[in-house]
Amino acid sequence: GDSVTQMEGPVTLSEEAFLTINCTYTATGYPSLFWYVQYPGEGLQLLLKATKADDKGSNKGFEATYRKETTSFHLEKGSVQVSDSAVYFCALSITGGGNKLTFGTGTQLKVEL
Amino acid sequence: GAVVSQHPSRVICKSGTSVKIECRSLDFQATTMFWYRQFPKQSLMLMATSNEGSKATYEQGVEKDKFLINHASLTLSTLTVTSAHPEDSSFYICSARDGRQGRLSGNTIYFGEGSWLTVV
Chain X
257 GDSVTQMEGP VTLSEEAFLT INCTYTATGY PSLFWYVQYP GEGLQLLLKA
307 TKADDKGSNK GFEATYRKET TSFHLEKGSV QVSDSAVYFC ALSITGGGNK
357 LTFGTGTQLK VEL
Chain D
23 GAVVSQHPSR VICKSGTSVK IECRSLDFQA TTMFWYRQFP KQSLMLMATS
73 NEGSKATYEQ GVEKDKFLIN HASLTLSTLT VTSAHPEDSS FYICSARDGR
123 QGRLSGNTIY FGEGSWLTVV
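Those protein sequences? They're chains X and D, same order as listed. Quick note: the first sequence uses my numbering, first residue 257, plus one each step. Quick note: the second sequence uses my numbering, first residue 23, plus one each step.
So that you can see chain X by itself, here it is in the shape it has in the complex (with noise of 0.2 Å):
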């Protein structure tokens, strides 16, 4: 079936630090990959999303590329902010598979000053 792992949590920086959360998926189809978002208090959001081998996602200072050779999706910042902290959700979701998401564990990020 299909899966999604993600790295653990939490994961502590210091504000202005790089950060990467690993994701790698295994699917029985073609999938659409997404990063979500969720902050305290909060309902998930979309953060990013990649629809085919090679895309790029990005927002607000956030990318990951679709790696179709690694099944991978890593979620990367260059420098991250106390406002970054929240969970973070590595998801997928095949085509024509009628919007189900399958997610990952979720990884927490905190960021301090």
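Treat the hints as calculated values from the structure; they're not laboratory data. Heads up, the beta-carbon is just placed ideally off N, CA and C, and yes, glycines get one too. Heads up, a few of these hints could be off.
Across the chosen pairs, the derived CB separations fall in these ranges [what the hints assert, rightly or not]: (1) D:Ser76 <-> X:Glu272: 43 to 53 Å; (2) X:Thr327 <-> D:Ser95: 39 to 49 Å; (3) D:Ala94 <-> X:Thr276: 27 to 37 Å; (4) D:Thr104 <-> X:Ala273: 42 to 52 Å; (5) X:Gly265 <-> D:Met67: 13 to 23 Å; (6) X:Ser270 <-> D:Val25: 26 to 36 Å; (7) D:Leu96 <-> X:Glu368: 42 to 52 Å; (8) X:Asn278 <-> D:Glu85: 29 to 39 Å.
Computed, partial: chain X to chain D, Cβ under 8 Å [to be verified]: (9) Gly297; (10) Glu298; (11) Gly299; (12) Leu300; (13) Asn355; (14) Lys356; (15) Gly360; (16) Thr361.
Derived pair list, reagent style SDA-like, types lysine to any residue, alpha-carbon separation capped at 20 Å [to be verified]: (17) X:Lys356 <-> D:Gly38; (18) D:Lys63 <-> X:Asn278; (19) X:Lys333 <-> X:Leu365; (20) X:Lys356 <-> D:Ser111.
Place chain D on chain X using the hints.
Just chain D now, kept in the frame of chain X:
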């Protein structure tokens, strides 16, 4: 932008009682809503897909008689946990698909804030 609201955000109930969680789309009509649950340190697991005006489609292993889903209008879906037990304690989160948009592109799905259920 589109907002999905869940209520209550936290609920504590006694074992054996039933509890209802509401999921509302506030500024769009949601033809399809999804219910997920998440155990600590585990993934969000899809429980069921709720389509307005029809029966929900449950994922394998989810008891439909225990987790009653009603999607009676285009802006409201409810999840009722019947005869709740401590093992039902979990984080439940809904999402809604904006029916005005086209095929899946990822950004048509909006999530609620989630509801923490504790059964004592």
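> Is the distance from the Cβ of Leu96 of chain D to the Cβ of Glu368 of chain X consistent with 42 to 52 Å?
Replying inline: holds, 44 Å
>> Verify the CB-CB distance for Thr327 of chain X and Ser95 of chain D against the hinted window 39 to 49 Å.
In response: The hint (39 to 49 Å, Cβ to Cβ) holds, given that Thr327 of chain X and Ser95 of chain D are roughly 40 Å apart.
> Would you say the C-beta atoms of Ala94 of chain D and Thr276 of chain X sit inside 27 to 37 Å of each other?
Replying inline: violated, 45 Å
> Taking only the CA atoms, is the gap from Lys333 of chain X to Leu365 of chain X under or equal to 20 Å?
Replying inline: Distance of about 12 Å is within 20 Å: holds.
>> Can you verify the interface hint for Leu300 of chain X: is its Cβ closer than 8 Å to any Cβ in chain D?
In response: holds, 4 Å
> Any CB of chain D closer than 8 Å to the CB of Gly360 of chain X?
Replying inline: Status holds, d = 6 Å.
>> Would the hint on Gly297 of chain X be counted as holding, given a Cβ-Cβ threshold of 8 Å to chain D?
In response: This interface hint holds because 7 Å falls under the 8 Å limit.
> Quick one: are Ser270 of chain X and Val25 of chain D within 26 to 36 Å, going by C-beta?
Replying inline: At 33 Å between Cβs, range holds.
>> Next pair to validate is Lys63 of chain D with Asn278 of chain X; report whether the Cα-Cα distance is within 20 Å.
In response: holds, 16 Å
> Do the numbers back the hint for Lys356 of chain X, that is, is its least Cβ distance to chain D under 8 Å?
Replying inline: holds, 6 Å
>> Thr361 of chain X was flagged as interface toward chain D. Is the shortest Cβ-Cβ separation under 8 Å?
In response: holds, 5 Å
> Is Lys356 of chain X close enough to Ser111 of chain D, meaning Cα to Cα at most 20 Å?
Replying inline: The hint is violated at about 23 Å.
Violated hints, listed in ascending order, are 3, 17, 20; each of the other numbered hints is respected by the structure.
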